[in-house]
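2 protein chains.
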Amino acid sequence: MIGIFDSGIGGLTVVKALMEHLSGYDIIYFGDTARTPYGTKSSETVKKYALENTEFLLSKGAKIIVIACNTASSVATESVVENFDIPIFEVITPAVELSINTSHKLCIGIIGTRATVKSGIYEKKIKEMNTQSRIYSKACPLLVPLVEEGWLKKPETKMIVKKYLHPLKVRQIDTLILGCTHYPLLKNIIQKKIGKKVNVIDSSIAVASNVKAFLEKHQEVDALLSKKGRCSFFVSDVTEQFKKTATSMLRRDIHLEHVKI
Amino acid sequence: MIGIFDSGIGGLTVVKALMEHLSGYDIIYFGDTARTPYGTKSSETVKKYALENTEFLLSKGAKIIVIACNTASSVATESVVENFDIPIFEVITPAVELSINTSHKLCIGIIGTRATVKSGIYEKKIKEMNTQSRIYSKACPLLVPLVEEGWLKKPETKMIVKKYLHPLKVRQIDTLILGCTHYPLLKNIIQKKIGKKVNVIDSSIAVASNVKAFLEKHQEVDALLSKKGRCSFFVSDVTEQFKKTATSMLRRDIHLEHVKI
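Each protein sequence line maps, in turn, to chains A and D.
Under this note's numbering, the first residue of the first sequence is numbered 41, with each subsequent residue one higher.
Under this note's numbering, the first residue of the second sequence is numbered 41, with each subsequent residue one higher.
Think of the hints as simulated: they come from the structure by calculation, not from any bench.
Check each hint, because a few of them may be wrong.
The list treats identical chains as one, so a pair stands whether inside a single copy or across any two.
Listed next, the in silico DSS-like pairs over lysine-lysine satisfying Cα-Cα at most 30 Å (straight line) [said to hold, decoys possible]:
1. K300 <-> K100
2. K284 <-> K164
3. K267 <-> K165
4. K203 <-> K268
5. K209 <-> K284
6. K87 <-> K237
7. K227 <-> K284
8. K284 <-> K300
9. K56 <-> K267
10. K164 <-> K283
11. K100 <-> K237
12. K165 <-> K193
13. K88 <-> K236
14. K257 <-> K193
15. K167 <-> K267
16. K268 <-> K198
17. K300 <-> K203
18. K100 <-> K193
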């Protein structure tokens, strides 16, 4: 199975993208809702959580792991790769590659949680691929709670998005990376506030096509993955809010299983 | 020592009130910042956390416990009382008593996290004390992230507070209970939006005077408490944000100790 974890509901955007790109592949999802959010926590704590989550998914039969959380991808990928000998995907590199390949002016904006922005991982990866790039990033800690509250179209959300994007807009970026898996749920507002001409990069789509390309190249790994169209959802805390959001996002009935971690 | 715990920084409003009411008493604070927030989590999970936090404070020498978190007070007080044989204080009863004693019309509003409001604990306690009361409650899940982001005076915060308070304002409440220890930090905005005539009850002040009254009556417990004016702060995750907010709230230098829980 393809194992995916996130701090909460954000990673479901990656599940959705994987379902579209790799239709029929079995997926096992773990949302660490008892310890969510990760974005405001220290990197040491997030590393510990990421290792525990990976271990849980492996125990359930995952053969590849997608870290569907930008905070964990930023600070914990290295630890996960060091500790587990299977293919590990994270959401940052695919988004960076896509942005470099599609940006004309190489003037790139990044929005994410405080932890992701503070890690500087996007700047580092973009600079490694293209030293000419100009990069501007902005932490947007209120967007995750707004999404989790379901305020996707409220005027307050629009105002807050506008305020957060203002410093990127004045820099006239031509590409904006959504550096948090929650943000695709606000993509319409973000696109409107940053301007129609800016290419908004959705990391959930980027990582899904990355996994697909990998499996096409590595048939031996692909052969390990079951393809019965099943999708299991585990969470460390069962809340109504999660079920409601997941059902409306994936447009299917969701059965949540509680797991103590 | 007086042991206090909260899911994060909110309980510091209780520390501040205790320092004013019981000047010189030694205080040990635990902020469960690695697992914050509690307000969006299930009661089973919050109970588990509350028991672990209490155990930690006892191991550090606490002789009485103040649960300085409304969510934990709502759903976990009973479990904590059952499991530990020392005086346990929570933030709900003192606020309820104060509101009943000072309300003229007995038309009382309550704001809190989703978990607190869903628990119905305030309604239950108010009705027990006075069956004539009319009670209206409103969950305000975005206020905690706004406080933790430090957006205490931003126009977006004012708009969101106004939106949340609107249904209580149309009911013409005369008393409003701040059912979350984060909310005293927004007291000025809340007072302005709900109207000058409404009596806003700050549970951190209510619980501090409650503890004081208890210790005056129970000298044998008071004798167990050291009074050297020391205050120790433990957190399950060390973040800059916590240190910054704590320093500005308590107006003193804070040394944070990390504890794994």
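Name the hints, by number, that the structure is in violation of. Per hint list: 3, 4, 6, 11, 12, 13, 14, 15, 16, 17 and 18 violated.
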